[in-house]
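S.K.: Protein chains in written order, with the numbering used here: chain Y, 1244 to 1398; chain A, 1244 to 1398; chain W, 1244 to 1398; chain H, 1244 to 1398.
Some hints could be false.
One copy or two, either will do: identical chains are not told apart, so a pair holds if it fits within one copy or between any two.
[Claimed, not checked] Once the Cα atoms are required to be at most 25 Å apart in a straight line, the calculated SDA-like pairs of lysine to any residue come out as:
no. : residue 1 : residue 2
1   : 1341      : 1266
2   : 1341      : 1279
3   : 1250      : 1357
4   : 1341      : 1324
5   : 1341      : 1364
6   : 1341      : 1386
7   : 1341      : 1251
8   : 1256      : 1341
9   : 1250      : 1341
10  : 1256      : 1374
11  : 1341      : 1269
12  : 1341      : 1284
13  : 1256      : 1370
14  : 1341      : 1289
15  : 1250      : 1291
16  : 1250      : 1343
17  : 1256      : 1371
Treat the hints as calculated values from the structure; they're not laboratory data.
Protein chains: 4
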Amino acid sequence: MPRFEPKNPDYRKVATATFDRQPAMRTLGISIARIEPGEVDLSMPYSLDWTQQNGFVHAGIITAGLDSACGIAAFTLMPSGSDILTVEFKTNLLAPAKGERFSFRAHVVKPGRTLTVCEARAFAETNGVESLIATMTGTLMALAPRGQDPRTHLA
Amino acid sequence: MPRFEPKNPDYRKVATATFDRQPAMRTLGISIARIEPGEVDLSMPYSLDWTQQNGFVHAGIITAGLDSACGIAAFTLMPSGSDILTVEFKTNLLAPAKGERFSFRAHVVKPGRTLTVCEARAFAETNGVESLIATMTGTLMALAPRGQDPRTHLA
Amino acid sequence: MPRFEPKNPDYRKVATATFDRQPAMRTLGISIARIEPGEVDLSMPYSLDWTQQNGFVHAGIITAGLDSACGIAAFTLMPSGSDILTVEFKTNLLAPAKGERFSFRAHVVKPGRTLTVCEARAFAETNGVESLIATMTGTLMALAPRGQDPRTHLA
Amino acid sequence: MPRFEPKNPDYRKVATATFDRQPAMRTLGISIARIEPGEVDLSMPYSLDWTQQNGFVHAGIITAGLDSACGIAAFTLMPSGSDILTVEFKTNLLAPAKGERFSFRAHVVKPGRTLTVCEARAFAETNGVESLIATMTGTLMALAPRGQDPRTHLA
């Protein structure tokens, strides 16, 4: 995995603040476990509230954790004043999402001025043992936050 | 769009019951708006609880709606006694998820004994006007529910 | 499917010329069957040269046709002087690629100044009967052709 | 990366023979550079025949190499007598495909009785220096070769 040089020396503070402004992360109980330039680990406890018909966490919720991990990982490498939006992602579900906790670990594969490509993996933890349950590849887009309506990012 | 013949005459009842056994759908306030053989529309109200840093609904939550729509659409064509798991999906986010309500509309592209491929679209509704905000292509897998551990579906 | 207004009145000429400058299309025997604003159909004859171990056309070759169809469809809506690169795509193989001819039909789902999202379908034709064999969703990026190294599109 | 135990002691011979029965690989000049249980490296020389309008190798041809690498990697872990088909894949193009040679390196992420998930990376080599140009995540399906029509794998 390549090592990256952050363009914004305050990357940790800014990325954490952006994460903290996401009500969805708070609602899901997701927190930042580790943050480095181009790398982020998130952590989420199991909750019955997010399960599908078999008691496994819903694939969309696992995707929410993977996508936020990718977004924050990409965001750590962006210049000061940027905002970020997800362009697209692809998730493979490898095993049912059952466990006491879940980790979402993302890293930047290719940083870019406009587009950044990230990969992420989701792990379930049961009795201290982790197993891989899902993968994501995602494309993120940097946006200037002021004077530009994010609705127009594809317009 | 092709028309499909359901293998299970009770498809509507069984698919609705499977949907109702998903706590995540209840938590997100998602309900079935329409269900036909191979086609499902789901509906979700906007809630600040599911938003990211700009007040748009989080891409993972939009994905949860799209994935459930695909799963139920595929499920309507499966024989009695089947269970279903998502193998993988890909989501393109076309516009920020802002609106009063969201619709997730899925249809089966290719049904199969083992694998079924679905496409879905997410729409945001504001003042009665709908706009396309996301697309999904997903692969679903049919499982026999009894005597088979779903954990082994990839094993 | 939405109707699009081309920004470049010469879109047909320019898109056709760009297609004609692709040696890979010539090598594969792929030609333009139809071109409209935001929509393109390509056609390819079967050749044993492109097959995998079962005599079906290789998934990568089917993908080449789908990707070119998406690229040209997106290109028809771009302003004069643009160049285009593929950011990413996802292909689902629905049935083995066996037939006398193959059609690749793409349309723009969401045009954009920077990014355009397209969908495409591949069909195999045997004895005048067509069947769906693959789908693609792809993201394309507009580039200014002069004074900008396409290698930097992600840099 | 996990280490895998091949089910078929002749995996190398069988996987190589399957690769050799792919006319498309011969046409593209792709050869096996390395083969281990669950891991395959393929190699392809640059040829103008496979380029798009800017002299870069066409994304579909890069995808053909990535897909074959994934298929052979998955195939090394399958029991004797299996055949294999690609269900779906997703490719991210990270940099233009220009170079003297290209490498396609795949490994199995999750082997399965029915479905196997692989990841692959494409590299371009220029003057002995390699750079990452594309990634793939793909889902492959094991098929019994006799008494089962591969056309029915999704039926």
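S.K.: Run every hint past the structure and note whether it holds.
M.R.: Status of the hints after comparison with the structure:
1. 1341 with 1266: both (24 Å within a copy, 14 Å between copies)
2. 1341 with 1279: neither (28 Å within a copy, 31 Å between copies)
3. 1250 with 1357: both (14 Å within a copy, 23 Å between copies)
4. 1341 with 1324: Between copies only: 23 Å across, 38 Å inside.
5. 1341 with 1364: Intra 15 Å, inter 28 Å, cutoff 25 Å: intra-copy only.
6. 1341 with 1386: So residue 1341 and residue 1386 pass the 25 Å test across copies only (18 Å; inside, 36 Å).
7. 1341 with 1251: Answer is neither: 37 Å inside a copy and 30 Å across each miss the 25 Å cutoff.
8. 1256 with 1341: neither (32 Å within a copy, 27 Å between copies)
9. 1250 with 1341: neither (38 Å within a copy, 28 Å between copies)
10. 1256 with 1374: The answer is neither: 30 Å in one copy and 32 Å across copies each exceed 25 Å.
11. 1341 with 1269: Close inside one copy (21 Å) and across copies (19 Å); limit 25 Å.
12. 1341 with 1284: Close inside one copy (19 Å), not across copies (28 Å); limit 25 Å.
13. 1256 with 1370: neither (33 Å within a copy, 38 Å between copies)
14. 1341 with 1289: within (8 Å within a copy, 28 Å between copies)
15. 1250 with 1291: neither (40 Å within a copy, 32 Å between copies)
16. 1250 with 1343: neither (36 Å within a copy, 33 Å between copies)
17. 1256 with 1371: neither (30 Å within a copy, 40 Å between copies)
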